[in-house]
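K.L.:
Sequence:
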Amino acid sequence: MTESGPSGDWLIYRGTGEPHTRVDGLPEPPPWRDFDGGPLVAAGPGPDSSSARRLGAYRHMAEMHRPNPEELEMVNAALYLRRPLLVTGSPGAGKSTLAHAVAYELGLGRVLHWPIVSRSTLQDGLYRYDAIARLQDNQIAAHSGTAPPGGIGSYIRLGPLGTALLPTAKPRVLLIDELDKSDIDLPNDLLNVMEEGEYGIPELERLAEREPQVDVLTDDGAKVTVREGRVRCRAFPFVILTSNGERDFPAPLLRRCIHLELDRPDHQRLSTVVRAHLGDEAASLGEDLVARFLDRSRSELLATDQLLNAIYLTHHAAPPTRSRLADMLIQRLDRPR
1 MTESGPSGDW
11 LIYRGTGEPH
21 TRVDGLPEPP
31 PWRDFDGGPL
41 VAAGPGPDSS
51 SARRLGAYRH
61 MAEMHRPNPE
71 ELEMVNAALY
81 LRRPLLVTGS
91 PGAGKSTLAH
101 AVAYELGLGR
111 VLHWPIVSRS
121 TLQDGLYRYD
131 AIARLQDNQI
141 AAHSGTAPPG
151 GIGSYIRLGP
161 LGTALLPTAK
171 PRVLLIDELD
181 KSDIDLPNDL
191 LNVMEEGEYG
201 IPELERLAER
211 EPQVDVLTDD
221 GAKVTVREGR
231 VRCRAFPFVI
241 LTSNGERDFP
251 APLLRRCIHL
261 ELDRPDHQRL
271 STVVRAHLGD
281 EAASLGEDLV
291 ARFLDRSRSE
301 LLATDQLLNA
311 IYLTHHAAPP
321 TRSRLADMLI
331 QRLDRPR
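For the sequence shown, the UniProt record's numbering gives the first residue as 1, with consecutive numbering after it.
Keep in mind the hints are simulated off the structure, nothing from the lab.
Backbone N, C-alpha and C fix where the C-beta goes; we use that ideal spot for every residue, glycine too.
Be careful, since some hints might not be right.
As the list claims (entries may be wrong) - Quick list of the computed label-pair ranges, beta carbon to beta carbon:
#1 Glu196 / Arg247: 34 to 44 Å
#2 Ile140 / Ala251: 47 to 57 Å
#3 Pro39 / Leu135: 57 to 67 Å
#4 Gly279 / Pro250: 16 to 26 Å
#5 Arg296 / Arg33: 38 to 48 Å
#6 Glu261 / Thr16: 19 to 29 Å
#7 Gly279 / Gln213: 47 to 57 Å
#8 Arg296 / Asp215: 24 to 34 Å
#9 Thr21 / Asp137: 20 to 30 Å
Using the sequences and the hints, build the whole thing.
P.N.:
This is how it looks when you write it as structure tokens:
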């Protein structure tokens with residue numbers, strides 16, 4: 001992409017683990033990826049909110065994540081082109097960590113996380129409307145003779161994808177995790193939203209003439225105003241779609257994504273993961289387990305959290321039993337969890 005390599009001035013995300021404001025200087029998007037949603041809303045919750053505190057669990061991983069040159073190139077290509085980044089690789093390769101590293105370094109707030117399961121639908125990611133709760137509240141108010149509860153907006157909460165597409169000055173980071181677990185329709189259903197950068201809420205569109213502005217909750221727990229029942233982004237979110245490589249995705253989705261394949265983590269990266277989660281002492285004691293984990297992973301499909309489980313238990317065991325427990329756990333690393 002550039003002859004200057006990963007040290008070139010074009011890099012927005014540098015992979016240093018040091019926060020900076022270079023994203024403020026992100027150049028104008030390509031004309032076909034320029035969105036005009038508005039007016040602007042706040043980018044996310046403040047540092048004292050409960051959702052921001054959840055970011056703390058990933059902060060050390062984000063600080064210590066050191067991407068290789070190919071990762072830097074692909075992340076920055078996705079940032080410049082305003083395209084989703086499809087990240088594939090084995091469990092523990094660092095797919096989710098990459099999202100948190102970008103959010104931390106560029107000061108983009110909490111990562112909006114949408115974990116995919118077989119029952120996930122596009123609407124789950126966009127918003128949820130609790131019609132039953134609204135009906136029950138109205139019935140209780142009528143029965144007790146009290147004033148009816150709040151309007152329809154009190155029963156609508158935007159999902160991670162819906163929140164990411166709010167018109168913010170800076171892009172939010174959205175992690176759509178393990179897309180290969182979805183049913184056959186979801187990847188295709190994502191296409192239009194990803195391309196257009198907007199969506200409608202039919203329950204509010206029907207009320208647009210009577211209630212053109214409705215306050216709803218976001219995935220962050222904040223209230224925002226939805227106008228005319230539609231949401232359109234201004235800064236297209238930085239979207240990471242992760243996959244363990246267990247299925248193929250439709251060609252139209254692949255054409256709209258930047259694709260990054262992550263290699264299995266090496267000894268240095270695994271040691272960094274252990275240190276971030278369990279501390280320096282556990283990392284030092286677990287060096288042998290890391291080496292044995294890597295040796296077995298050449299022939300077995302192992303997940304990094306299995307290694308973390310083994311090191312955590314051996315670190316907390318009494319010294320006389322530590323070696324025996326380590327041997328026992330390593331022998332079971334390849335067993336289903």
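K.L.:
If a hint holds in the structure, say so; if it doesn't, say that too.
P.N.:
How the hints compare with the structure:
no.: 1; hint: Glu196 / Arg247: 34 to 44 Å; in the structure: 25 Å, violated
no.: 2; hint: Ile140 / Ala251: 47 to 57 Å; in the structure: 51 Å, holds
no.: 3; hint: Pro39 / Leu135: 57 to 67 Å; in the structure: 33 Å, violated
no.: 4; hint: Gly279 / Pro250: 16 to 26 Å; in the structure: 43 Å, violated
no.: 5; hint: Arg296 / Arg33: 38 to 48 Å; in the structure: 44 Å, holds
no.: 6; hint: Glu261 / Thr16: 19 to 29 Å; in the structure: 23 Å, holds
no.: 7; hint: Gly279 / Gln213: 47 to 57 Å; in the structure: 49 Å, holds
no.: 8; hint: Arg296 / Asp215: 24 to 34 Å; in the structure: 53 Å, violated
no.: 9; hint: Thr21 / Asp137: 20 to 30 Å; in the structure: 44 Å, violated
In terms of the numbered hints stated before, the structure departs from hints 1, 3, 4, 8 and 9, listed from lowest to highest.
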